[in-house]
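S.K.: FYI, the numbering for the sequence shown is 1 to 401, going by UniProt numbering.
Don't read these hints as lab results, they were simulated from the structure.
Here the structure is a predicted model, which is why all the values come from computation and not from measurement.
The reader is advised that the hints may include incorrect statements.
[Said to hold, decoys possible] Label pairs and their calculated CB-CB ranges:
1. Tyr204 / Lys36: 24 to 30 Å
2. Tyr152 / Asn69: 26 to 32 Å
3. Asn224 / Lys13: 34 to 40 Å
4. Tyr370 / Glu43: 42 to 48 Å
5. Glu162 / Ser369: 32 to 38 Å
[What the hints assert, rightly or not] DSBU-like mimics (lysine-lysine), calculated; alpha carbons at most 30 Å apart, straight line:
6. Lys36 / Lys63
7. Lys61 / Lys97
8. Lys337 / Lys13
Just so you know, even glycine gets a beta-carbon here, dropped at the ideal spot from N, CA and C.
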Amino acid sequence: MIKRKFYLEKIVKLIDTEDIKVITGVRRCGKTVLLKQIIDELENRGIASENIIYMSFESSKYKNIRNDNDLDEFIFSKTNNLNGKIYLLFDEIQKVKNWEVSLNSYRVDLECDIYITGSNSQLLSGELATLISGRYISINMLPFSFKELIQYHDEMHENIDEIKLFEQYLSYGGFPGLLNYENEEKEKYLYDLYSTIVLNDILYKNKVKDLDLLERLMEFMISNIGQLFSANSISKYIKNENRKTTPHTIINYMDYARNAFIFYQIKRENIKQKRKLLISDKYYLVDSGFYFIFNGSTQRNWGQLLENIVFLELIRQGYSITIGKIQDLEVDFVCRKANQIKYIQVSQSILDENTRKREFKSLEKISDSYPKYVISMDSFDFSANGIIHLNIIDFLKSENF
1 MIKRKFYLEK IVKLIDTEDI KVITGVRRCG KTVLLKQIID ELENRGIASE
51 NIIYMSFESS KYKNIRNDND LDEFIFSKTN NLNGKIYLLF DEIQKVKNWE
101 VSLNSYRVDL ECDIYITGSN SQLLSGELAT LISGRYISIN MLPFSFKELI
151 QYHDEMHENI DEIKLFEQYL SYGGFPGLLN YENEEKEKYL YDLYSTIVLN
201 DILYKNKVKD LDLLERLMEF MISNIGQLFS ANSISKYIKN ENRKTTPHTI
251 INYMDYARNA FIFYQIKREN IKQKRKLLIS DKYYLVDSGF YFIFNGSTQR
301 NWGQLLENIV FLELIRQGYS ITIGKIQDLE VDFVCRKANQ IKYIQVSQSI
351 LDENTRKREF KSLEKISDSY PKYVISMDSF DFSANGIIHL NIIDFLKSEN
401 F
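Construct all of the structure, not just a fragment, from the sequences and the given hints.
M.R.: Written out as structure tokens, the structure is:
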């Protein structure tokens, strides 16, 4: 079992607190493994195994638990004669109808500590937020970071070439299940996972009627990560391919994909005026492996992939992000955390002088004194005029950027 130290350390600090611990993230990013590692931690603390109740609603073992009444009957029968605090861990809880009603009652009726996972961002919307407002802590989980991959190989006592490992990460991404496969099998694993998410977490869950349109939209968005577009522009593109659709339908389908954690939507802002821009957003993938499915090794845009990987590392480290506009230029990422602001440009290489001038120009136009960075694959340091140049591997290995 691969330890997810980054997330486990966050959770361990919350053990025995009153808040419900909510772990969300794309399917197969490691949420189930994390729950089992929490169980290991509880047992290491001397918690009796009968006081730890783990239920995976993806398992046929619990197929008869379909709603809150079924769940209550099961939980109260299991805990009726137990002494001491109960630890409840529910995997993919959204499969149980009205599950939020049950969890709220357990907080009142049982001495318990609750952990739940879900593969849909709507887990925290609606009734749950109303019932337990201010009583939950949410942790969004991602597939392996590059730093986690290095740690894994270190723990396996494997000698690794970091540059080769980075190339693998850039191509295939960081889904933990990939570690079980050789390169020629990884593409099939990724395609099967992608298809499962599209069918189960988008099509069936949202009762999507037009699979062909959904697939065309997904392929367009995946192939255009980090590009500005809107529902209107996508609708026009699809109509040009002789397919009927409307911006409203496109918006719905894009929302479904975001809710399944395939994409993250990033707004734009005018840096000088400090206001959000309403026209066109950018979308980034939860993992670069899905890009590989549609673009292979010959058609891929390395700049897009690098930008996507930097974005994922920034949100992993807790930054909120917008795309910056300064005059007629763009800043790839405006990053905020607490009182910090950082400006970042990402480029495959800035060895070419014209490329270097272009990447530095937008940052040089920002008049405030917050840190400004250019991240690229280059090993030579081109830092100048107060702008810091970072090699991408060094950036991805940093503990606290």
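S.K.: Could you run down the list of hints and mark each one as holding or not?
M.R.: Here's how the hints hold up against the structure:
1. Between Tyr204 and Lys36 the beta carbons are some 27 Å apart, a value that agrees with the proposed interval 24 to 30 Å.
2. Checked against the hint of 26 to 32 Å, the pair Tyr152 and Asn69 fails, with Cβ atoms roughly 42 Å apart.
3. Here the CB-CB span from Asn224 to Lys13 is close to 39 Å, well matched to the stated 34 to 40 Å.
4. For the pair Tyr370 and Glu43, the beta carbons lie near 46 Å from each other, so the given range of 42 to 48 Å is met.
5. Separated by about 33 Å at the C-beta atoms, Glu162 and Ser369 satisfy the suggested range of 32 to 38 Å.
6. Only pairs whose Cα atoms come within 30 Å are accepted, and Lys36 paired with Lys63 is accepted, the gap being roughly 20 Å.
7. The straight-line distance between the Cα atoms of Lys61 and Lys97 is roughly 17 Å, inside the 30 Å bound, and the hint therefore holds.
8. The hinted pair formed by Lys337 and Lys13 meets the criterion: a straight-line CA distance of about 20 Å does not exceed 30 Å.
In this structure, only the earlier hint numbered 2 is contradicted, and the remaining ones agree with it.
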